[in-house]
Amino acid sequence: MKKKLLSLLMVGAMTASMLAGCGDSGKSDAGTDTAKDDAGDAAADDAGDAAEGTEAAGDAAASGGENTLTVWCWDPAFNIFSMNEAAKVYQKDHPDVTVNVIETPWEDIQTKLTTAATSGALDTLPDIMLVQDNAFQKNVITFPDVFTDLTNSGVDFSQFAAGKTAYSVIDGKNYGVPFDNGAVIACYRTDMLEEAGLTIDDFTDITFDQYVENGKKVLEKTGKPLLSMQAGECDLIMMMMQSAGASLFNEDGTANILGNDTLKIVMETYKKLKDEGVLIEVNSWDEYVSSLTSGTVAGTINGCWIMASIQTAEDQSGKWAITNMPSLVGAEGATNYSNNGGSSWAVSSNCKDTELAFDFLASTFAGSTELYDNIISCGALATYAPAGDSEAYAAPNDFFGGDAVSSKIVEFSTKVPSNITGVYYYEARDAVATAITNYINGGDIEAELQTAESTVNNQMQ
Amino acid sequence: MSKPSSKMSLDKKHNMTGWAFLTPAALLIFLMSFVPMIQAFLLSFKMGKGNNLSTADPIFANYTRMFTDTVFTQSIKNTFFYLIIQVPIMLVLALILASILNNRQLRFKGLFRTMIFLPCATSLVAYAIIFRTLFANDGLVNLALVNLGILKTPYAFLTHATSAKIIIIIGLLWRWTGYNMVFYLSGLQNIEYSVYEAAKIDGASPIQTFFKITVPLLKPTILLTAIMSTNGTLQLFDESVNLTDGGPANASITMSHYIYNMSFKYVPTFGYAAAMSFLILILVAVLAFIQMKVGDKRD
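Protein chains in written order, with the working numbering: chain A, 529 to 989; chain B, 0 to 298.
Hints are not guaranteed to be accurate.
Chain B side only, calculated, beta carbon under 7 Å to chain A, not exhaustive [to be verified]:
hint, residue
1, LYS48
2, ASP68
3, ARG131
4, ALA135
5, ASN136
6, LEU157
7, GLY246
8, PRO247
9, ALA248
10, ASN249
11, TYR265
Just so you know, these hints were derived from the structure itself, not from any lab. The beta carbon of each residue, even a glycine, is placed where N, CA and C say it ideally should be.
The shape of chain B in the complex, shown without the other chains (with noise of 0.2 Å):
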């Protein structure tokens, strides 16, 4: 009788432990960051500028207001032009160079890894700016097309609506694929080599190999880098800030660089600015939830 009772104690105890290590770190994360995002909720009813903040009269004023605003609908769909642009080229290039890299008979693999890699250790803030510099009327880029006579004069790159929105595509391609296909590789690590080795054998092309294999038994890396790579262009910032300054008229803005003058560059509106961080937090989810029901096809 008395055996059962000391083997549950005893489980019992095990479980304090795990608790024990859990708390502290459960603890801080409700303090610093679950306690903060309810704040913020609360906040995102209230109306007014700086301290003076009364609640807001009807109560979804905040949130109904966004759909009013011209910016932030165009800052919408500026975002959203980089998330379907910009996220399949990026995840699709990672792929390729990810299988390329994963080649057995390929030498200095290291040194491109590093290669491709490399500007993921960059700061953002420092790429935007070197990005400017480079599309600037007397710069790299423009001072090359004048040369090689494929243009007479120089082109305003950061001027053109268009032309804006496609270097910050193309500062984010060269950011951010080198870190993608870090996933991809380390993914394929853990297919099994043997799996290839029978493709060829059977005489698939490599074109069939990378996407009868490769592709599927990545899925959940994949699925992974999309749901990331979502999240991570919704909130994009800095390249909006530093490379475009959001411009020209609004061309380029990005949801959060908006947030961003309204808490801190115009006369704070704080409990606006809350419910745009909000209607964010709720797009990022949406999308996580309808790539995971896409992505994930488990039998």
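Chain A with its partners taken away, still in its complex shape (with noise of 0.2 Å):
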């Protein structure tokens, strides 16, 4: 009897942990690195984390019923806070419709979405998803079929920064509604500034030239650099290329590298920088972020969602300053404005009910600034223009010295040049990255662009 009951026991033990193996996805741990290009998510442990709580939901995720809206995004504190925010402003006027969201990180997404087009199983997709706004067209050109236009679906898109609608724009059709702000700032310690001899007006409306000079008088007084990156990602590469409007593609999708003069001004600028010691590089996204908070460097140029990151260093309250970043010399249409990162919410092909996800979109994040106002809280900072006039955007925020970085934020998205990311952005973005580290190790200019560019076009066949 005794030994029954135990073989039932194991029999029982067994088949669990056969039904968690197929639910273990183990996907979570591509996190740290990449997390760094889900520029929304400056946290990267949260996409981690998220990786479990999703898969249990897994099979719910397919498109909801009647006044059900299925929703996958991946940020609790950030995107995910918003669109339970947005559906509770809508159901003010719609009080019989849900919204569901279920916490997807970025990766997960991804995966999901080319599994569920290479398979032809649509039906796995929820009504409504958030994707990078840096994997847009290539998700759109190759999967066409998972996509909803919504060009004509009631949604203003010219309330939007142009260069944000830019990304999520293929073929003359809109296919995303714009969500968060990645407008690029500059963040100095004003005390390290002060040290010098400087303050954040001699950082405003600058070059890069004028950014070296001052960079020199901080090292030498502070012994800090104003500036880390990581090395082997041309984050800021690819700032200060959209900051003249400047692509590594041309219209009609082939690559742009070779030849290509504001690229070639970006890289010399770039290894001036490294050279004069006024950047330093460092491995990992998290020792980038720690750089920040730990104070080994005097500032840095990002996304505008770094303030997250930097904000949990609550011990340096009020010694942060934000203003615009220093413009290329030389370089045509160069300006003081860019962009990095973000992400906009895509309609899905399996959406049943597109009426209703069109006037949520619509009547939500295009068209409450009452949304913008409440999610504001979380740093969601909005591309939607008439929110940047709200009375929210205008409070002064302490950390950073009492400014109203809010508005000024929205500010300088409204500024920023559009430019062209291409289906093939990922690939470009890495044969860059890696003629740039042998151009600082003192490789030939001309020469590693030109391999650039033979291996994009050899990845883009």
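With the hints as a guide, bring the two chains together.
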């Protein structure tokens, strides 16, 4: 009898472990490094934690039924919070509509999307999903049957910053409703600048030449570089490129690397920053964030979402200030504004009630300043222009010296030049990163650009 | 007359039972492993992005493309660098550790064995991230070297091509030496202790014992570990992704990492990715075949 009971228990345990095994995704480990690209999501760890909660809900992920919208997005403190707030705003007029948010890290959304599209199982997709801006073109062009055209959905796209909307426009059609802001800001430690006899005004509306000069002063007086960047990732390169409206691709989709004058200026500027010691390279995203919070560097240049990470260093409250980024010298159309990261809402082709989804997006993320006021607390800054005029955006932020940073950033975002992301964004980005690393280590700039161009051309086959 | 026929049927019966036990597993392996492999092989003759696949023209286009792809050729070089440097060091080290631990006079054997084997119980991702932290600019290693006065300023280990590769090799050694050691230890259990005693009586030194007795008698195990390590190194992925992210400038990227990039990070090119995977399969098969020919010298 005892034996029987034991064997029954064993069988039960085995079945349970097998079932558990099926649900084990293991996808979360790609987290730390790539989460950096998940620009809106500065807290990389969230992506990892999120993976577990997702699987159980996996089967329920499919598009919702009557008056229900299923949504995939990833950060509980940020975009999930915002979506839930949007649901509350919408439910005031439409109490019978429910929004079912399923926490899905971006890595998983990409994998699920690829799997669904390649296997033809489109019914596993949700109604609405959040898509990284940098991956938008790639996904719409590779898997056109996954997305729904939003051009005539009633969303007024003219109210969004042009540079932002361009990420989700393919062949003149809108496929995404812009969500979080990736406008580039330059942050500085005012206490360190003071030691070098400088103020934040010395860094506003400047060029990279002036930036290097100021940086040398700061380095001399405090021993701190002005800027840290992750080696092998070309965030700064892409920001510099976009600040002059330049791209790594031509309109027709061909690579624009060899003979791209702006890219050459960008590479030379980057090398100069590195050679003068104004820029230090670190190995990983965690190291980058810790260089900011531990006071190893006197500032940074990044998408405005980086503020969330900076503000974790509570002891540095009041010691930071925000201004625009330096502009390139000698580049055509150079400005002090750029964009890095961000994401947009897409409606999947599996959405049964597209009318509802369209109306929901048009009256929340593309029509409610109230929503943006509610979500400003989590650092979600609008790319929706009317929201920037609201009072909540003019509120001072004590961490950044009492400055009204929110309205400042919204203002920056409207000035960002638009450029071409291209389908092969990640390919080009990696090839250029390789070229820059080799160039800094003494390679010939023309030869490296030639290699980068042929690498990208090879990968585009 | 009837006797042999009934014996045949008994044999048959036994055979049938055997087949009945084999069939479910064989079927599952065929469905879950071989069918996808055949499908992947067919896929490797297709070109295109995402779902827009068409038959490659010429049919071997994906295979010839590999040799013009500078990143892929770089990844092959890197992988072979790891293979040639790391596998011999690791196997020799494991062998030495195993024969030390096999010594009957040694105390706390269990403790040492556990300590050396323990790294194998850690997750590949976790250890890769810890190594990355150790060798960071403000990591433990740099801190120690600077404070000891060996270095003046921290050395960026992971942003220099050679040191990045060396750190991956150090990581691999840490993670896998104990694993191979356990194989040798179990192999050593099968060697009669009296053989060692006889050698001792004949006046053989420990080094002579090692080379004349331990190594020859462990040959089958050494062959096994060599093939397994070669196989594992050619498929190296986690360390490249998590420790160095393939950098700097693709100096440490492995073949599997590049295949992953081609399928998921970049615009999906599954046909080409499948073709590259088959190149790894061919390389593993060829290397295993050579090792078997070299290692297996039964008289």
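Now the hints, each set against the structure:
1. LYS48: The hint holds - LYS48(B) has a Cβ within 7 Å of chain A, the shortest such distance being about 5 Å.
2. ASP68: Because about 5 Å separates ASP68(B) from the closest Cβ in chain A, which is inside the 7 Å limit, the hint holds.
3. ARG131: holds, 6 Å
4. ALA135: Hint holds; ALA135(B) Cβ to chain A Cβ min 5 Å, cut 7 Å.
5. ASN136: holds, 6 Å
6. LEU157: Since chain A brings a Cβ to about 4 Å from LEU157(B), closer than 7 Å, the hint holds.
7. GLY246: Since chain A brings a Cβ to about 3 Å from GLY246(B), closer than 7 Å, the hint holds.
8. PRO247: holds, 5 Å
9. ALA248: With Cβ-Cβ at 4 Å, under 7 Å, it holds.
10. ASN249: holds, 6 Å
11. TYR265: holds, 5 Å
When held up to the earlier numbered hints, the structure conflicts with none and fits them all.
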